[in-house]
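Chemist: In case you want the letters, here they are:
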Amino acid sequence: MHTAYVSVRQGLLALLDQADMYGYQLRSEFEAYTGGAWPLNIGQVYTTLERLERDGLVAITRPAEGDGEDRPAAGGSGGREHKYYAITRAGRDALRDWFEATAGDEPPPRDELLAKVLLALAGGREHALAVVTRQRTALTAALQARRRGLRPTATSPGNGVTALAPTLVADALVSRAEADLRWLDVCEARLAQLSRPAGNGTTPSDDQGEP
Amino acid sequence: MNVKERAMRAPTIELRDVVKVYGSGPAGVRALDRVSLAVAPGEFVAISGPSASGKSTLLHLAGGLDGPTSGTVTVGGEDLAHLRPAELARVRRRQVGYVFQRYNLVASLTAVENVMLPLEFGGMPTRQARGAAVAAIERVGISRPFDRFPDDLSGGERQRVAIARAIAGDRDAILADEPTGALDTITGDLVIELLAELAAAGTSIVLVTHEPRFATWADRVVFMRDGRIVDESVAAAPPSPPAEPPVEVLSP
Numbered sequence: 001m002h003t004a005y006v007s008v009r010q011g012l013l014a015l016l017d018q019a020d021m022y023g024y025q026l027r028s029e030f031e032a033y034t035g036g037a038w039p040l041n042i043g044q045v046y047t048t049l050e051r052l053e054r055d056g057l058v059a060i061t062r063p064a065e066g067d068g069e070d071r072p073a074a075g076g077s078g079g080r081e082h083k084y085y086a087i088t089r090a091g092r093d094a095l096r097d098w099f100e101a102t103a104g105d106e107p108p109p110r111d112e113l114l115a116k117v118l119l120a121l122a123g124g125r126e127h128a129l130a131v132v133t134r135q136r137t138a139l140t141a142a143l144q145a146r147r148r149g150l151r152p153t154a155t156s157p158g159n160g161v162t163a164l165a166p167t168l169v170a171d172a173l174v175s176r177a178e179a180d181l182r183w184l185d186v187c188e189a190r191l192a193q194l195s196r197p198a199g200n201g202t203t204p205s206d207d208q209g210e211p
Numbered sequence: 001m002n003v004k005e006r007a008m009r010a011p012t013i014e015l016r017d018v019v020k021v022y023g024s025g026p027a028g029v030r031a032l033d034r035v036s037l038a039v040a041p042g043e044f045v046a047i048s049g050p051s052a053s054g055k056s057t058l059l060h061l062a063g064g065l066d067g068p069t070s071g072t073v074t075v076g077g078e079d080l081a082h083l084r085p086a087e088l089a090r091v092r093r094r095q096v097g098y099v100f101q102r103y104n105l106v107a108s109l110t111a112v113e114n115v116m117l118p119l120e121f122g123g124m125p126t127r128q129a130r131g132a133a134v135a136a137i138e139r140v141g142i143s144r145p146f147d148r149f150p151d152d153l154s155g156g157e158r159q160r161v162a163i164a165r166a167i168a169g170d171r172d173a174i175l176a177d178e179p180t181g182a183l184d185t186i187t188g189d190l191v192i193e194l195l196a197e198l199a200a201a202g203t204s205i206v207l208v209t210h211e212p213r214f215a216t217w218a219d220r221v222v223f224m225r226d227g228r229i230v231d232e233s234v235a236a237a238p239p240s241p242p243a244e245p246p247v248e249v250l251s252p
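Residue numbers (this note's numbering), protein chains in the order written: chain B, 1 to 211; chain V, 1 to 252.
One thing to keep in mind: the hints can contain errors.
In silico negatives: residues of chain B with every beta carbon more than 10 angstroms from chain V [said to hold, decoys possible]:
| id | residue |
| --- | --- |
| 1 | Ala32 |
| 2 | Arg54 |
| 3 | Ala59 |
| 4 | Trp98 |
| 5 | Phe99 |
| 6 | Ala172 |
| 7 | Leu194 |
To list a few chain V residues with every Cβ distance to chain B over 10 angstroms, as calculated [said to hold, decoys possible]:
| id | residue |
| --- | --- |
| 8 | Val21 |
| 9 | Glu138 |
| 10 | Ala235 |
Here are some, though not all, of the chain V residues that point toward chain B, as calculated from beta-carbon distances under 8 angstroms [what the hints assert, rightly or not]:
| id | residue |
| --- | --- |
| 11 | Pro50 |
| 12 | Phe100 |
| 13 | Asp152 |
| 14 | Ser154 |
| 15 | Pro212 |
| 16 | Arg213 |
| 17 | Ala215 |
| 18 | Thr216 |
| 19 | Val221 |
| 20 | Phe223 |
| 21 | Arg225 |
| 22 | Asp226 |
| 23 | Val230 |
| 24 | Ala236 |
Keep in mind the hints are simulated off the structure, nothing from the lab.
A virtual CB, placed ideally from N, CA and C, is assigned to each residue, including glycine.
Throw the hints in and build the complete structure from the sequences for me.
Modeler: Now the structure itself:
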């Protein structure tokens, strides 16, 4: 998927913001948080990590002392010591900017919005609610502004079918933004029902079985 | 009316630090938790939020249908808690109009008689009430004849009659609770657009809706969650007169 590359970058940063991790761990956490929406291959993970490192957003770090939680990596890396990555200060700034960024006039690309909310879960319930609230307010403001230029009855019905076209184009944009807003409302309602914080950096356990 | 002019006038409705608890003790439900909201004359405010977020409770309190556990609610500068029952009834009848999802029209009365009803209850002579009712019905765009019964009206027309009833007699504010709930999208848009026009003409509007489509018509959208206001979105520019429709160029 085209937008996935952008989201992989932010996704790895969001996960490393919770804990230092190595490549295979990052891949499985990323897939868990994005609900399987963007399957990742390990090559993408390493390519992205290299670029993040080059840009100074992550740094290679040593494994933690006495770290006994190494999982058997899917690729079977034998006894080789894992290369752990840590987020840098610049990385945290970049991540925060991404969560806070809102689209201007137009509804944001849908996958970008989806990725943002899913990855916000890595920061826990309150963080996710804050991200949902911010995105929804920005989208609402954009739609409010658009409304001002869109008065259905201002278009005379007597002008024939061609007269309808600008209205239908505007309707299409509004309907798309509405769908996103409705989805954000659902996200809020589901998040609000979570009684406990969604954890920090660990895989959420019971998020299967939603319709 | 522009934003600055509005800000200079006292709010039509104001809630200050309002708490509303239903029940008592550990079983008590905190429906509103320190909510403050001021609605300026001619301002169109939409209240959005999931079920049980407190939006309907807020509307009931704003219209004096119920009182707060603590905090103050003022309508037209008067603290509702300080009013005698008769005065409160006057505020509810003369200053604030209500619109509900199910129209609540009396089936055995014609459109114009439905609109007259609260005016006559308020002590207005029949002749005068009829004049005010006809003026209100004309304003909401119902076509003649006005002596049709609710059963002979479409859903959109019924809601328009309900809005006419809410504005008849020059009310300062309309409180609307999911008024589009029973309407299709286009009809709903027209009803909300009517509310926006009434706001532009000076009536304060408070609209409770869970539909983002309708909320975005408002000057200000207030988001509630768990009895609190969590955010709000203010339209970038004040309402301007509708632009020339761009369709002329395309007309044959």
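Chemist: Indicate, hint by hint, whether the structure satisfies it.
Modeler: These are the hints, each one checked on the structure:
1. Distance check for Ala32 (chain B) against chain V: the nearest CB is about 26 angstroms away, which clears 10 angstroms, and the non-interface claim stands.
2. The beta carbon of Arg54 (chain B) is kept farther than 10 angstroms from every beta carbon of chain V, the shortest such distance being approximately 37 angstroms.
3. Look at Ala59 (chain B): its CB is around 36 angstroms from the nearest CB on chain V, clear of 10 angstroms, so calling it non-interface holds up.
4. Against the 10 angstroms criterion, Trp98 (chain B) stays outside the reach of chain V, whose nearest CB is about 20 angstroms from its own CB.
5. Non-interface call for Phe99 (chain B) relative to chain V: holds, since the shortest CB-CB distance, roughly 15 angstroms, exceeds 10 angstroms.
6. Distance to chain V confirms Ala172 (chain B) as a non-interface residue, since its nearest Cβ pair spans about 13 angstroms, more than 10 angstroms.
7. Non-interface status of Leu194 (chain B) relative to chain V is upheld: no Cβ of that chain comes within 10 angstroms, the nearest being about 13 angstroms off.
8. With a closest Cβ-Cβ approach of about 20 angstroms to chain B, Val21 (chain V) is found to remain outside the 10 angstroms limit, as its non-interface label requires.
9. The beta carbon of Glu138 (chain V) is kept farther than 10 angstroms from every beta carbon of chain B, the shortest such distance being approximately 16 angstroms.
10. Remark: the non-interface label on Ala235 (chain V) conflicts with the geometry, its nearest Cβ contact in chain B lying 4 angstroms away (cut-off 10 angstroms).
11. Hint status for Pro50 (chain V): holds, given a least beta-carbon distance of 5 angstroms to chain B, under 8 angstroms.
12. Interface restraint check for Phe100 (chain V): the shortest CB-CB distance to chain B comes to about 22 angstroms, outside 8 angstroms, so the restraint is violated.
13. At a threshold of 8 angstroms, the smallest CB-CB gap from Asp152 (chain V) to chain B is about 23 angstroms, leaving the interface hint violated.
14. At a threshold of 8 angstroms, the smallest CB-CB gap from Ser154 (chain V) to chain B is about 16 angstroms, leaving the interface hint violated.
15. Checking Pro212 (chain V) against chain B: minimum C-beta separation of about 4 angstroms stays under 8 angstroms; hint holds.
16. At about 5 angstroms, the closest approach between the beta carbon of Arg213 (chain V) and any beta carbon in chain B falls short of 8 angstroms, and the interface hint on this residue holds.
17. The interface hint given for Ala215 (chain V) is met, as the beta carbon of that residue sits about 7 angstroms from the closest beta carbon of chain B, less than 8 angstroms.
18. For the restraint placing Thr216 (chain V) at the interface with chain B, the shortest Cβ-Cβ distance is roughly 4 angstroms, inside the 8 angstroms limit, so the hint holds.
19. The closest approach between the C-beta of Val221 (chain V) and any C-beta of chain B is roughly 5 angstroms, which is under the 8 angstroms cut-off, so the hint is satisfied.
20. Interface hint status for Phe223 (chain V): upheld, as the beta-carbon distance to the closest one in chain B is roughly 7 angstroms, under 8 angstroms.
21. A hinted interface residue such as Arg225 (chain V) counts as satisfied when its beta carbon comes closer than 8 angstroms to some beta carbon of chain B; here the least separation is about 6 angstroms, so the hint holds.
22. The interface hint given for Asp226 (chain V) holds, since its Cβ lies 7 angstroms from the closest Cβ of chain B, which is under the 8 angstroms cut-off.
23. The interface hint given for Val230 (chain V) holds, since its Cβ lies 6 angstroms from the closest Cβ of chain B, which is under the 8 angstroms cut-off.
24. This hint holds: Ala236 (chain V) has a C-beta 5 angstroms from the nearest C-beta of chain B, less than the 8 angstroms allowed.
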